[in-house]
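A.B. asks: Line by line, the protein sequences give chains A and B.
In our numbering, each number is its position in the first sequence, counted from 1, plus 1314.
In our numbering, each number is its position in the second sequence, counted from 1, plus 2.
For the record, the hints were derived by calculation from the structure and aren't laboratory data.
For every residue, glycine included, the Cβ atom is placed at its ideal position computed from N, Cα and C.
Check each hint, because a few of them may be wrong.
To be verified - Going by beta-carbon spacing under 10 Å, a handful of chain A positions derived as facing chain B:
no.	residue
1	Y1347
2	G1354
3	E1355
4	G1367
5	I1375
6	L1402
7	G1404
8	G1408
9	Y1415
What the hints assert, rightly or not - Computed beta-carbon distance windows for the label pairs:
no.	chain 1	residue 1	chain 2	residue 2	range
10	A	K1425	B	T19	39 to 49 Å
11	B	L70	A	G1356	17 to 27 Å
12	A	V1327	B	S85	37 to 47 Å
13	B	E61	A	G1354	18 to 28 Å
14	A	K1341	B	L70	25 to 35 Å
15	B	G18	A	A1392	46 to 56 Å
Next come the chains, spelled out residue by residue.
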Amino acid sequence: SQELEQSPQSLIVQEGKNLTINCTSSKTLYGLYWYKQKYGEGLIFLMMLQKGGEEKSHEKITAKLDEKKQQSSLHITASQPSHAGIYLCGAESGNNFNKFYFGSGTKLNVKP
Amino acid sequence: GAVVSQHPSRVICKSGTSVKIECRSLDFQATTMFWYRQFPKQSLMLMATSNEGSKATYEQGVEKDKFLINHASLTLSTLTVTSAHPEDSSFYICSARNPPQGLPPNYGYTFGSGTRLTVV
Chain A
1315 SQELEQSPQS
1325 LIVQEGKNLT
1335 INCTSSKTLY
1345 GLYWYKQKYG
1355 EGLIFLMMLQ
1365 KGGEEKSHEK
1375 ITAKLDEKKQ
1385 QSSLHITASQ
1395 PSHAGIYLCG
1405 AESGNNFNKF
1415 YFGSGTKLNV
1425 KP
Chain B
3 GAVVSQHPSR
13 VICKSGTSVK
23 IECRSLDFQA
33 TTMFWYRQFP
43 KQSLMLMATS
53 NEGSKATYEQ
63 GVEKDKFLIN
73 HASLTLSTLT
83 VTSAHPEDSS
93 FYICSARNPP
103 QGLPPNYGYT
113 FGSGTRLTVV
């Protein structure tokens, strides 16, 4: 099965600072999704990347998929307490891409 | 956009009893649904892939006799935790693959809001 490793596992930053979360795949990615979650709650879809080199932004969050399509990074500019939560990358895998796995997760805490 | 309804959102049950969690796609047909489990401070672990009209495909290490999955229609998949024990307490969440014409913000997959199961 495809493995998605995220780094760092957890992150504490001061409000206003920039930060980056990485998601590395053991296999070529054909579609990489980013979600935000607070534990025990539903997922908030952030964005989906498909093409190597693709970059998308949503408010102060930018995500990129590298050219070789085995790594994605999520960058938050001028972080705010509202950005706190668990960030999860996800991707399809399996025969005919019939399964959807999540990365190991990154817990973000933003100190006011 | 596509909507997936998951019920109940919270359930407390006694050890030894069974609990059923429902996952419904409200405005589209979902031939494939996924069930995940999440422990505190951890990511979502895929338990099984639910396929309409056929047996679910379980991930390695997931007991299929304990976590019964039924996908009897194109809009409903159920997860039954049988003979629940305190160690089954967790957050369970389902998702459905969107129809091909799905558009952002529900692009690709739509997730239920999750069920917090507490076994006492």
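A.B. asks: With reference to the structure, classify each hint as holding or not holding.
C.D. replies: Evaluated hints:
no., hint, verdict
1, Y1347, "holds (6 Å)"
2, G1354, "holds (5 Å)"
3, E1355, "holds (7 Å)"
4, G1367, "violated (19 Å)"
5, I1375, "violated (13 Å)"
6, L1402, "holds (6 Å)"
7, G1404, "holds (8 Å)"
8, G1408, "holds (8 Å)"
9, Y1415, "holds (6 Å)"
10, K1425(A) to T19(B): 39 to 49 Å, "holds (43 Å)"
11, L70(B) to G1356(A): 17 to 27 Å, "holds (23 Å)"
12, V1327(A) to S85(B): 37 to 47 Å, "holds (44 Å)"
13, E61(B) to G1354(A): 18 to 28 Å, "holds (22 Å)"
14, K1341(A) to L70(B): 25 to 35 Å, "holds (31 Å)"
15, G18(B) to A1392(A): 46 to 56 Å, "holds (52 Å)"
Hint check: violations occur at hints 4 and 5; the rest are consistent with the structure.
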